[in-house]
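First to last, the protein sequences are chains A and B. Start counting the first sequence at 1; every next residue gets the next number (the working numbering). Start counting the second sequence at 1; every next residue gets the next number (the working numbering).
Everything labelled a hint here was simulated from the structure, so no lab data went into it. All values reported here derive from a predicted model rather than from experimental measurement. It is possible that part of the hints are untrue.
[Claimed, not checked] Chain A is faced by these chain B residues, among others (derived, beta-carbon under 10 angstroms): (1) Tyr62; (2) Ile80; (3) Tyr210; (4) Val221.
[Unchecked claim] Incomplete in silico selection of chain A near chain B, CB under 7 angstroms: (5) Arg44; (6) Ser47; (7) Val49; (8) Leu55; (9) Ser61; (10) Val66; (11) Ala72; (12) Arg189; (13) Glu200; (14) Pro201; (15) Phe204; (16) Asn209; (17) Phe210.
The beta-carbon is built from N, C-alpha and C at its ideal position, and this holds for glycine as well.
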Amino acid sequence: MSVYEFRRTVSPQAAAAWTPRQVLLTNLRAVGGRAYPRVHGLFREKSWVFFEVLLPFLSTSTFVFVYRALRAPPEYIGFVVLGGAMTAFWLNVIWMMASQLWWEKSQGNLELYFAAPMSIMSVLFGMALGGMVMSSTRAVIVLAVASLLYEVRFAIDQWLLLLTVFFLTLAALYGLGMMLASLFLVWGREAFQMSQLFTEPVYFVSGLNFPVARLGLLGALALATIPLAVGLDAMRQLAFIGANFPIGTPTPEVEALILVVMTVVFLAAARWMLRTLERRARREGRLSVRWQ
Amino acid sequence: MSESTDEPKGLVGLGSPDWGGFDRARTRGRGVRDVWGSFRTAALIGWQMEANWTDPVLFFIYSVAKPVSGALILVVMLDIISGGADPGYRAFVVVGTALWAVVLAGISGLAWSILDDRERYRMLKYVYVCPSDFRVVLLGRGVARLAVGAAGGVITLAVGVLALGVPLDPAAIEPGLLTLVMILGLAAIVAIAVLIAAICLQTRQESWSYPDAVGGALLLVSGVVFPLSVLPLPLQAIGLITPLTWWVEGVRRALVPGTPSSIGGAGSLWATTTGSLAPDAPTIVVALLATGALVTLGATGIFRLSEGRARDRGLLDQTTGS
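For reference, chain A alone in the conformation it holds in the complex (with noise of 0.2 angstroms):
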C-alpha cells in the first residue's frame, strides 16, 4: 500500500503526524525528483555537449600549452589536467549549489520548496547527486580526452585511497555547495557576484595548475578551508608518484581525514544555517522577495 494513500484522522494535527516510514519516503523522493532534471538534461541539450565539455577542455589544454611553452616537466602537464576535470565539480557547486537557492526565490519556486511536506536537506542533496553525475561526466571527458591527447603518464600505488580521496573531495565539495546555498538565499543581488568571485581567486589559491605547496601560508590557509585545494593536493600526490614537485603540505592520508573533518563540519553548518537563515528569512518576509 502507498505511505500516500489517504486515511481518515480525527484532526488536521493527526493527519500532519507522519510515520518515519512516510517521512524517509518522501524525503527520498525528493532526493530523486530534485535530481532527475539534472541527470535527464544532459541527454535533452545537445548544446552541452559542445559548451561544457569541449569548450572547458580547450581552456584546459591553453595551461597545458603554457608548460609546453616553458619545457616544464611532464608530470606538469598532469597537473594541469587534472585541475581542468575538478573544476567541473567546483563550477558546478558554486553555480547549481550555492546559486540555487537564490535562483529558485528568482524564479518564484522558492515558497513551493518550503511549503511542501519534505527536508530542504533533501532538495540539497538531491541538486547535489544530480549535480555530482553531471559534473562526472565532464570531468571523465575532459580526463580522458586531455591525458590521450597530452600523453599524461599516471604513476598510481594506492588506488583505494586515491578513489576514497576522490569521491571524499566531493562530499566535501558538495557539502560546502550546501552550506552556500543557505547564505545566499539571504543574499541578494550580491550573490551572483559572489559566483563570479569565487572561480579563478578560488582558482589560484587552490593551486589548480601548480602544486598548492608554492603558495606557502596562503596555500595552508586554502588546505585548512577549501575542499577543492585539499582534494587536488592528495590526488596528485597519489596520482604522479615519484614526481619531482613543491611538497610541504600533508600526507594524501592526512588529507583525506581533513576532507572527512570538511565534509561533517559543512553539511552541520548547512543544516543549521538553512534552519537560521530560513527562520530569518520567513520573519524578515525574504523567502518571496525577488529581484533585488
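Given chain A, work out where chain B should sit, using these hints.
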C-alpha cells in the same frame, strides 16, 4: 533632420493628432537622437545593475580579484618552472591576462543581459517590443560590463608593473598604435559578444557559463598567455583569423615594445608562410581590421537569424531551469 527631431504640432503627450487619424511620423521616431537615448539609458541601467549591489570597496575588490588572480596563476606557473628568470615573458603573460579581463567582461555583458532579462527579471519580451532597437539596448547594457572589465584590466596591468616587475616604460609607449588597435579591438570584442548573445537567445538558464567557456577556448588560440608557435599548425591558422590575436599582439607591441611576438617566432606558421619573424605594426592593424570586419559581419547575420528563430518559437519569454 529638423523635421524628424521636432515634436509634431498639435499633440499632447500620447494623444491622437487633432485631425484624429494615424500619424506615421510617430513610428519613425527621431533617428539618431532616439538611438543615442536608448543606448545611454541602457548603459546607465547596465552600470547600475553592475555596480549598485554593494559598497564601492567590495565592488572594487570584486572588479579586480578575477583578473589579478588570473595573472597570478600564470605568474606562479612561470616562477615554478623558470624561476622568474625571464621578465620579457612575464610582461607577455601579465599584459595578455590584463587584456583578457576586458575580453571576458565584454563578451559576457550582452549574453548576461539576455539571460538576466529573460530568466531572472522576465523582462526580455517587454524590452523586445519597446520602440527602442533591441540591439542598441543590448549594446548599451553590455558596455557597462565592458567598462568594469576595462577597469579590472588596467588595475591588473598596474599590479603587474608595481608588484610583479613588468617593465613598462611610459616613454616607449606608442600612443597612435595603441589608440587604433584599442578601437578596432573593442569593436571586435563587441562583435564576438553579439555572437554569444545570439547563442544565448536559443539556450537555457545554465548558459551563464557559456561566455567564460567561449573565452577559455579563445584563450587557447589567441596568443594571450603563450606564443602561437607552440600550437599545432591548424590551431595556429585558427588563431591567425581571430581578431583577438591581432588585438593582443598590437596592444603588446604598443605598450611593451620589447616583448616576444605571440604570432611570429621561429617555426611559427606566420614565419614559415611570410618569411618574416614577426608581423610589423601596419600588418597588425590591417589584419585586425580585416578579421574584425569578418567577425562583425558574421555576428550580425547570426544574431538576425537567432532573433528571428527566437521570435518564431516563443523563446523570448521562455524561462528554463534544472
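Each hint, compared with the structure:
1. Tyr62: Status holds, d = 6 angstroms.
2. Ile80: holds (5 angstroms)
3. Tyr210: holds (5 angstroms)
4. Val221: Check passed: Cβ of Val221 of chain B comes within 8 angstroms of chain A, closer than 10 angstroms.
5. Arg44: violated (9 angstroms)
6. Ser47: holds (6 angstroms)
7. Val49: Violated, because the Cβ-Cβ distance from Val49 of chain A to chain B comes to roughly 12 angstroms (cut-off 7 angstroms).
8. Leu55: holds (4 angstroms)
9. Ser61: holds (5 angstroms)
10. Val66: Because about 5 angstroms separates Val66 of chain A from the closest Cβ in chain B, which is inside the 7 angstroms limit, the hint holds.
11. Ala72: holds (5 angstroms)
12. Arg189: holds (4 angstroms)
13. Glu200: holds (4 angstroms)
14. Pro201: Holds, about 4 angstroms.
15. Phe204: Holds, because the Cβ-Cβ distance from Phe204 of chain A to chain B comes to roughly 4 angstroms (cut-off 7 angstroms).
16. Asn209: Asn209 of chain A check passes; min Cβ-Cβ to chain B is 6 angstroms, inside 7 angstroms.
17. Phe210: holds (5 angstroms)
Going through the hint list in order, the structure does not satisfy hints 5 and 7.
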